[in-house]
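Colleague: Sequence:
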Amino acid sequence: MSRALAGLALVRVTATYALLLVVVAATLVALGPGAQGRAIDNFSTNLDNLARGQVGTLIGSAFVTADDNIYVWLPGLVCLLALGELLWRGKRLVVAFTVGHVGATLIIAVVLAIAIVEGWLPASIASASDVGISYGAAAVLGALTAAIPVRWRPAWVCFWLANALAVATGLGSFDFTATGHAVALTLGVLLSTRFRSPARWTPPRLMLLAGGAVFGYTTLIGSSVAGTPVAGLAAALIALFARSVVSRWSSRERSQSVAPLDHSGALAV
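Each residue of the sequence shown is one higher than the one before, starting from 769 at the first, in the numbering used here.
Because the hints were derived from the structure by calculation, they are not lab data. Virtual Cβ for every residue (Gly too), placed ideally from N, Cα, C. No false leads were slipped in.
Per label pair, the in silico range of CB-to-CB distance:
| hint | residue 1 | residue 2 | range |
| --- | --- | --- | --- |
| 1 | Ala978 | Val1014 | 25 to 31 Å |
| 2 | Ala1002 | Trp969 | 24 to 30 Å |
| 3 | Leu799 | Ala819 | 26 to 32 Å |
| 4 | Leu778 | Ala896 | 36 to 42 Å |
| 5 | Arg1016 | Asp836 | 48 to 54 Å |
| 6 | Ala1010 | Leu799 | 51 to 57 Å |
Result set (SDA-like, lysine to any residue): computed pairs, CA atoms no more than 20 Å apart in a straight line:
| hint | residue 1 | residue 2 |
| --- | --- | --- |
| 7 | Lys859 | Leu826 |
| 8 | Lys859 | Gly828 |
| 9 | Lys859 | Ala786 |
| 10 | Lys859 | Thr784 |
| 11 | Lys859 | Val781 |
| 12 | Lys859 | Arg964 |
| 13 | Lys859 | Ala777 |
| 14 | Lys859 | Ala783 |
| 15 | Lys859 | Thr961 |
| 16 | Lys859 | Leu776 |
| 17 | Lys859 | Arg973 |
| 18 | Lys859 | Arg780 |
| 19 | Lys859 | Val846 |
| 20 | Lys859 | Ser965 |
| 21 | Lys859 | Leu958 |
| 22 | Lys859 | Phe831 |
| 23 | Lys859 | Leu787 |
| 24 | Lys859 | Leu788 |
| 25 | Lys859 | Ile827 |
| 26 | Lys859 | Phe963 |
| 27 | Lys859 | Arg962 |
| 28 | Lys859 | Leu778 |
My request is simple: use the sequences and hints to build the entire structure.
Modeller: Structure follows, in structure tokens:
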């Protein structure tokens, strides 16, 4: 018990958030579909709510989910957030999650408002439901770039961004949720430049990374577009090849710029 409590203390932010998600989801299920629908309407970060000044939805929407099967995806989310908390502590985890959740929501809101005014999208999209944890989770996934070894970072970034963009642009019509995932992921990658890399990867951290990556894949991609995995893998391979070419070119330039000296101190020819 003492070991379990000590472990929870290291990821107390993740544990607290997961507990709140479970409590809110269980309460809404107990109250019935009507109460759940009203909660989703009231906490959605759509244009209608934001236009009425309900800025509290920017925070409250992160605690309400439209999916009753929380037990399916919650373990993966816990893996992702717990890894981030172990790497950066709770404060930076909250920053990464909030930047993705709030930042992507506001960016998508601006895009939707412009699209509605210009007539590119129907006005009904202003009242669409938009709650859940996916934007914040996508940002944390992107922020993990800081923890990936330098040689693998380009492949990591290209894999996730290519997949997210493939979903956002390959659905045949504008999907603001998929686009929001791509935006939140990008914000997380940009934020990773401000985070430190961990001292070392331990087996528990690698297990959390595997669980978090599976969760990230199913959340951002799932089975939306058949060719998405191919796009992601191709982008990752191209990034690895490009980094290899640049590394070899840099090594050759350094070797050519440093010529051996003879005993008199003159350049050897």
